[in-house]
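With these hints in hand, go ahead and build the complete structure from the sequences.
So the protein lines, in turn, are chains A and B.
Each residue of the first sequence is one higher than the one before, counting from 1 in UniProt numbering.
Each residue of the second sequence is one higher than the one before, counting from 1 in UniProt numbering.
Worth flagging that the hints you see were computed from the coordinates, not collected in a lab.
Some clues are possibly wrong.
Restricting the straight-line Cα-Cα distance to at most 25 Å, the calculated cross-link-like pairs of lysine to aspartate or glutamate (DMTMM-like) are [unchecked claim]: (1) A:113 with B:45; (2) B:56 with A:237; (3) B:56 with A:27; (4) B:275 with A:160; (5) B:162 with A:140; (6) A:131 with B:153; (7) B:335 with B:321; (8) A:113 with B:57; (9) B:162 with A:132; (10) A:163 with B:178; (11) A:131 with B:166; (12) A:221 with B:81; (13) B:56 with A:232; (14) B:56 with A:94; (15) B:56 with A:109; (16) B:275 with A:27.
Keep in mind the model is a prediction, meaning the values are calculated, not measured.
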Amino acid sequence: MKKSVFLGTLAVAAVSAGVAAAGTLEDVKARGELNCGVNTGLVGFAAPDANGNWSGFDVAVCKAVAAAVLGDPSKVKYVPTTGQTRFTALASGEVDMLARNSTWTFSRDTDLKLDFIGVNYYDGQGFMVRKDLGVTSAKELDGASVCIQTGTTTELNLADFFKANNMTYQPITIDSNAEGEQQYLAGACDAYTTDISGLAATRASYADPENHIILPEVISKEPLGPAVRHGDNQWGDIVSWTLNALIAAEEYGVTSANVDELAKGTDNPEINRLLGVEGELGKMTGLDNDWAVRAIKAGGNYGEIFAATIGEATPIALARGLNAQWTQGGLLYAPPFR
Amino acid sequence: MTSASDAPEQGFRLSQLIYDTRYRSLTIQVVTFILVMAGAAWLVDNTIQNLNQLGKDFNFGFLSNRAGYDIGQQLIPYTNDNTHARALLVGLLNTLWVSILGCAAATVLGIFVGVLRLSHNWLVARLMTFYVEMFRNIPVLLWILVCLALLTEITPSPNAYKINPETGESAVSMLLFDSIALTNRYTAIPAIEFSNSLGAIDTAFAPISLNFLLIAVVLIVSIWANRRLQAHAHKVQDDTGVRPVTWWKSLLILFGPLLVVLVALGFHLVSPTLKGFNFTGGVNVSNAFVALWLGLTLYTAAFIAEIVRAGIMAISKGQTEASFALGLRPNRTMKLVILPQALRVIIPPLISQYLNLTKNSSLAIAVGYMDLRGTLGGITLNQTGRELEAILLMMLIYLAISLTISGLMNIYNKSVKLKER
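In structure tokens form, the structure reads like this:
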């Protein structure tokens, strides 16, 4: 018995030994590379291509942060994490930040000692079913077998939804999105549930996307956002304001195409402060004044990233919906740069 | 006159700890012990320090919180309103269930294959060799995944059993008088029901069905009575040389009371029926469970077969020849002479195979069977974020299971081993 406890402690200690005591910013600069925790493979959000180059909506956040901090968006080491390993990877210092469609919840923010630094995608949990099943509403799923990824908030939402509607279901637990797709396509489950963005991304990778429908019910709020370790506020500020810079850039019309032009100075003081023409905003976070310019140049502003990775012109075909700027009726609202 | 002189009388010197063979091994042991303990202390200290740094404490309070998630396979009643401790228990029982069934099936299959591998029939022996080499040389995880993939891909979905209103027939029909349905999610088998049920005693752990309790008691009494009957027959045979006819008495004692009880309780089977998306009414044995059980069984049976073969080959050929000379037929020779002696060689390595199977059952997560690793080490760990506590607890539980198994098997080993007097 002593031996097992000893070995367990060994394993835990080995993990915890990696926790960085110094500031994450210094660590990243010294390493010359940003360790970014991403999904193991979700088309549109984070997936490697045939050459091993990662791209996607979440990956773009990693790139923007790397550009802001290190001056080069390619200086990122992508660490694929599963639903089960992601928070441990962050807490143990294996990754500097997590951009892995993770839901911001109270207990994760407090008990798990993470800091969600904002929301880059407002999502909700939904269901996907085969069209020929003849189901048009999630309320008709009484008695169905539902595939669900373990280690996520979706498990709890699913249990709550079926309970609230007085229905029963058979949970079929799966370990990863890929396994879920395989089980769902083989018909081992009637419905597949996860965040609607994830469903759309999964459906886009099918040979026959038109035969699958996403049911209209949204059974939860899933604000997805990047997270950092609790306790390093400077690093949290950098990641947070990099995301805000991307959102603000869209609001002010700063794009990857015109950012160099605008960085020479404009009539709009807000843009000037954002791009470091006026004021010393960059210095306040421990970076230089061009940080936002580099972040925007990395992949464009929020709108450009959205359109290029998951927008309506891509196979994933997600509408902006809640993720439009506040001026367009959405929820995106970057605090003022001053 | 003796020229030999006594060793010089000297006090103990420190250098003796290294150079004197009387003390050297002790020195090495003490130093090693101190180093190991220092290493352990460093690890514990490091863990505590790092936990403090992360602002995390170490407590098991989360076990009494509401779990909030559902579990697909459960042997005892469980809802998402139960606590994490209850979910742990559900997972633990699932682990034990698949381990016990796996050990039983692997033993039977292993003995069968091991004996057949020694067969003089060329084809049978080669087939068994092929089986053994095939299954023990490929990782068990792959076998489990292959089993699941086969079950999922070759069986129809429950939808296929739906009766088409136009033709009045379904695409696939159920087996065995419409009582069993193979689907790509589970195998629906009939459930046992009692029309005059005695009800159940509700304990905090799980409700105990009085019906099954009664049946078990009746069975035990019947078996005991049958043994008395056989003992009596032996005695008569010893005394008179004539064995009384017992077969019909045995049958009557074994099955008579059982039948009476079953009829009195109104025993009947309820076939599963397709309702909505899934079969209800019967018992749905999930494919995840079958795949895990099959994978573990086939894999471990290959090892057990080798152990059995080794055990049999360890018995000298003279034993076989002697029993042939006594006029025993080959299968009676195997059963009465060879296997009882081979068991002494077989049992000790068999223990470690049982332990392996039990520990390998933690691969269940790969097919979504909710065992201890899936509940406590999976969802509970994730939802509560208590990695250290959950993993330590899980290790302790697996350790306890393993020690129990080897303890029980050691008792059995003592009972079959050669009694030296």
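Consistency of the hints with the structure:
no.	hint	verdict
1	A:113 with B:45	21 Å, holds
2	B:56 with A:237	23 Å, holds
3	B:56 with A:27	23 Å, holds
4	B:275 with A:160	23 Å, holds
5	B:162 with A:140	17 Å, holds
6	A:131 with B:153	20 Å, holds
7	B:335 with B:321	14 Å, holds
8	A:113 with B:57	12 Å, holds
9	B:162 with A:132	13 Å, holds
10	A:163 with B:178	32 Å, violated
11	A:131 with B:166	21 Å, holds
12	A:221 with B:81	21 Å, holds
13	B:56 with A:232	16 Å, holds
14	B:56 with A:94	18 Å, holds
15	B:56 with A:109	13 Å, holds
16	B:275 with A:27	59 Å, violated
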